[in-house]
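Asker: Residue numbers (our numbering), protein chains in the order written: chain A, 1 to 370; chain B, 371 to 523.
Certain hints may be false.
What the hints assert, rightly or not - With a cut-off of at most 27 Å between alpha-carbon atoms, the simulated DSSO-like pairs for lysine-lysine come out as follows:
(1) A:K110 with A:K262
(2) A:K332 with A:K6
(3) B:K512 with A:K110
(4) A:K110 with B:K503
To be verified - Simulated restraints on C-beta separations:
(5) A:P334 with B:L413: 49 to 57 Å
(6) B:H501 with A:Q36: 44 to 52 Å
(7) A:A98 with B:F516: 26 to 34 Å
In short, the hints are calculated from the structure, not lab data. The structure presented is a predicted model; accordingly, all values stated were derived computationally and were not measured. We put the beta carbon where it would ideally sit given N, CA and C, even for glycine.
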Amino acid sequence: MYVAVKGGEAAIANAHGLLADRRRGDRSVPALRLDQIVEQLALGVDRVMSEGSLYDRELAALAIVQARGDMIEAIFLVRAYRTTLPRFGYTRPIDTGAMLVERRVSATYKDLPGGQLLGPTFDYTHRLLDPELATGADVAEPLQRAREAEPMPRVSAILAREGLIEPDGKMPQDHIPGDITREPLEFPMARDIRLQALSRGDEGFLLALGYSTQRGYARNHPFVGEIRIGEVELELDIPELPFAVPLGTVRVTECQMVNQFKGSAKAPPQFTRGYGLVFGQSERKAMAMALCDRALRASELGEDVVAAAQDEEFVISHSDNVQATGFVEHLKLPHYVDFQAELDLVRRMRAEYEARENPAKAEETKEAAE
Amino acid sequence: MRGQEARDQAERKAAMATLAQSSGDDIVRLWNEAGLPSQAELLRGPETGLVTLRGRIGGGGAPFNVGEATVTRATVRLPSGQVGHCYALGRDKQKAKLAAIADALWQDPARRAEVETRLIAPLRSALTVAHEKRRAETAATKVDFFTMVRGED
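Extracted from the complex, chain A is given alone in its bound form (with noise of 0.2 Å):
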């Protein structure tokens, strides 16, 4: 017999003013504001911007406020205000040859047009915790140094020279690129509508799965040929005028990475590429949504697909941490009604159990039940 059972109205309520209060913490304590998180804690802040798929500073500064700092959370909230608001088109490609860039390396080139800048990075800190910076100590202002007015190509340009590379990825002419907001994932998918995917893929799934084809599941032997950070103009066209509408800047990571591939009955020897393109300050990112596109090109290049990294479908459709999260966390909510059937047939598979391999037992529990 089914009853419907409502409640948990006031305890819901209550559950809510008891999260306001939490997140709010102690009243001593300054409430933090959405600049300081911006400033501040901005690595975060482009985590949310382009997992939550939204290119908004202030709105990714403060669904991590409300999250407290739960950054799949932050990323869920982003999310679902993307969807009130009305869409106004599609850029136009942007350029990142014409970035404005604050850092540019290449793995692969010691002295390349345009040179190593290291820009604000990590990288070769001795990642020893400072204690300096929980007295809120003055910084001194960064150096400068003048600079050369000097073209960066990317490097992929450089290395197509000598045609030992392949060309940047083409789709057929008509092609118009697909966009998963819109449609249905579908496998297999082209290769532009996997890149939209993994732009917004969960950091550290693609992490990981770009780790294992080093560690030698799906093997594809990459370099960084570049990894450039910096800001990109935005264009739309739009009917009003009969020219593209700058809209502003945006700050972007893109990472090169250059395979070593030995040839197959598809494709010559030559070096082939993966490709990672993110919102913001996203170096580790970058590279992993890189290998990834590489790793998941298997099928194109003739390579046998034996890995994790490699399967497209496994890829994709794990790969939104959104998805994800709402499946594996639906698991709290109340199954009550599931689980008595279940339970009930559990139940019922036992005593046939008991009933073949002790009948004497059976019969004396199915007495005392009685």
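Dock chain B against chain A, hints included.
Answerer: For chain B alone, kept in the frame of chain A given last:
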């Protein structure tokens, strides 16, 4: 004539780019200092929506969708008839409205010079200073490789 039109279009676009990149606070401050008129009929917005940002595979290949960004837009008509537009990243409605008015004023030949010198030029020079500072700070982190010569004597 055609050349002039193309030049006008490029200048108008450059002014719109400057407005889009500048902060709402800076625009309001300069607007008030310059005493620019803010009377205009709102034809649309200001309203906030999304654009989907596109990149290219490998940097220069086929386009793909990266993710969305908030954009606020406004369209205004001046009493003198010019229609101005603004689309700018973010959710600053006041900024979008003023930038649309600035775009409309810019199209009025009697107002263009004033908008350029009192509003666009100072915004542009502030942006240039900020960009140059960032470039110079980044340049200070450029690696200068040198070769260690092993002394034989």
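Asker: Please go over all the hints and tell whether each is borne out by the structure.
Answerer: Now for the hints, and whether the structure bears them out:
no. : hint                           : verdict
1   : A:K110 with A:K262             : holds (24 Å)
2   : A:K332 with A:K6               : holds (17 Å)
3   : B:K512 with A:K110             : holds (12 Å)
4   : A:K110 with B:K503             : holds (26 Å)
5   : A:P334 with B:L413: 49 to 57 Å : holds (51 Å)
6   : B:H501 with A:Q36: 44 to 52 Å  : violated (25 Å)
7   : A:A98 with B:F516: 26 to 34 Å  : holds (31 Å)
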